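Enquirer: Each chain is listed here by its residues.
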Amino acid sequence: MTGPMEPTGPRPGMRPDAMGYLPNGRPTTERLVQDAEERLERAEKLPEALASIRGWAVNEPETITVTVNNLGELVDIDIAEIVLTADPTAIGEQIVRLAAEAHRAAQAEGLGVLAPVVGDAQVLELAREAGLTERVEPDAPVVPHEDGILTPGSALEPEPVHGDTSAPGGDWQDDEADISQFDFSRFRSDR
Amino acid sequence: MNSAEFSRAARYQREQRAYEHSERVKESVAGFGPLTGSASSADGTVTVEVAAGGLLRGVRISPQALTRGAPALRANILTAANRATARANHRAQQAFAKAMGEPGADTAQRLGLDYDPALLEDEEPPRSWR
Numbered sequence: 001m002t003g004p005m006e007p008t009g010p011r012p013g014m015r016p017d018a019m020g021y022l023p024n025g026r027p028t029t030e031r032l033v034q035d036a037e038e039r040l041e042r043a044e045k046l047p048e049a050l051a052s053i054r055g056w057a058v059n060e061p062e063t064i065t066v067t068v069n070n071l072g073e074l075v076d077i078d079i080a081e082i083v084l085t086a087d088p089t090a091i092g093e094q095i096v097r098l099a100a101e102a103h104r105a106a107q108a109e110g111l112g113v114l115a116p117v118v119g120d121a122q123v124l125e126l127a128r129e130a131g132l133t134e135r136v137e138p139d140a141p142v143v144p145h146e147d148g149i150l151t152p153g154s155a156l157e158p159e160p161v162h163g164d165t166s167a168p169g170g171d172w173q174d175d176e177a178d179i180s181q182f183d184f185s186r187f188r189s190d191r
Numbered sequence: 001m002n003s004a005e006f007s008r009a010a011r012y013q014r015e016q017r018a019y020e021h022s023e024r025v026k027e028s029v030a031g032f033g034p035l036t037g038s039a040s041s042a043d044g045t046v047t048v049e050v051a052a053g054g055l056l057r058g059v060r061i062s063p064q065a066l067t068r069g070a071p072a073l074r075a076n077i078l079t080a081a082n083r084a085t086a087r088a089n090h091r092a093q094q095a096f097a098k099a100m101g102e103p104g105a106d107t108a109q110r111l112g113l114d115y116d117p118a119l120l121e122d123e124e125p126p127r128s129w130r
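Note that the protein sequences, when read in sequence, are chains A and C. Going by my numbering, 124 is the number at position 124 of the first sequence; the sequence numbering is gapless. Going by my numbering, 45 is the number at position 45 of the second sequence; the sequence numbering is gapless.
With a straight-line cut-off of 30 Å between C-alpha atoms, the simulated DSS-like cross-links for lysine-lysine are:
| hint | chain 1 | residue 1 | chain 2 | residue 2 |
| --- | --- | --- | --- | --- |
| 1 | C | K98 | C | K26 |
| 2 | A | K45 | C | K26 |
| 3 | C | K98 | A | K45 |
If you want a taste of the chain C side facing chain A, the calculated C-beta under 10 Å gives, among others:
| hint | residue |
| --- | --- |
| 4 | G53 |
| 5 | A65 |
| 6 | T67 |
| 7 | R68 |
| 8 | A70 |
| 9 | R74 |
| 10 | A81 |
| 11 | N89 |
| 12 | R110 |
| 13 | G112 |
Keep in mind that the hints were calculated from the coordinates and are not lab data. As the structure is a computational prediction, the values presented were derived from the model and not from experiment. Heads up, the beta-carbon is just placed ideally off N, CA and C, and yes, glycines get one too.
So that you can see chain A by itself, here it is in the shape it has in the complex:
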């Protein structure tokens, strides 16, 4: 997953101790504590960061633009006057389709926010569950999450899709982690 994070390993030509790493490549205790604190800080800000995510989608003639948040809730919709000449049923169907597209964009953006906190492996699993595997770069390294160690590997597409996000930022508890990954849109009365 991408993210504006510093590299974890010592770079060639740099003193390992200056980077927070021992000569054998292992992180120092100070480095581990620092990484853990940074990860905790990101986790605390997670709900706020997720809530600020926006995804949008526009139709081909660019006459309807739909903007949603990370849960898919309609935030805004722009409709050109020319649309009013179309069939109302078709307009409604197009709005629903655009909302779904916008939601997928927002979900992909959300994965980018989650990655620095939960790790690439978990995010990749979420991406598969959400059907967002097309966002995954097949050759990118997958860095597993390890408690207390920041692992800024990159396995998802680097550029954000649509929408804007703010800095990562929640008070997640162990038992609620899985619930938080719940896709509420799966609850459909026709299933």
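Let chain A serve as the given structure and place chain C on it in line with the hints.
Expert: Just chain C now, with coordinates in the frame of chain A:
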């Protein structure tokens, strides 16, 4: 069993408990029925159905809605979607409360399934299940 093995086993047990807990909650919430909400605009020309969280599932626009201009159509869709989302999230909070007990509604809120009670003022009391 050395300390590393003990640590791994303890972690596995924690993860297993968390997984089982989340599965129980999922089953219970799913058993609550479809977590959806629907609402119409004040003039009745636009009706929207959403899933919990607010994702649009259906938008029904009457021919009359197209005669009042794009800004009016936009406002009607947003108003209906907003109210439909409130209903769906209210229902989601009920489902989580049923699945998890007292903390359920708060958990739903923390997951973003919140709503403005004022939107449901003329309906049943929003927190009547408590």
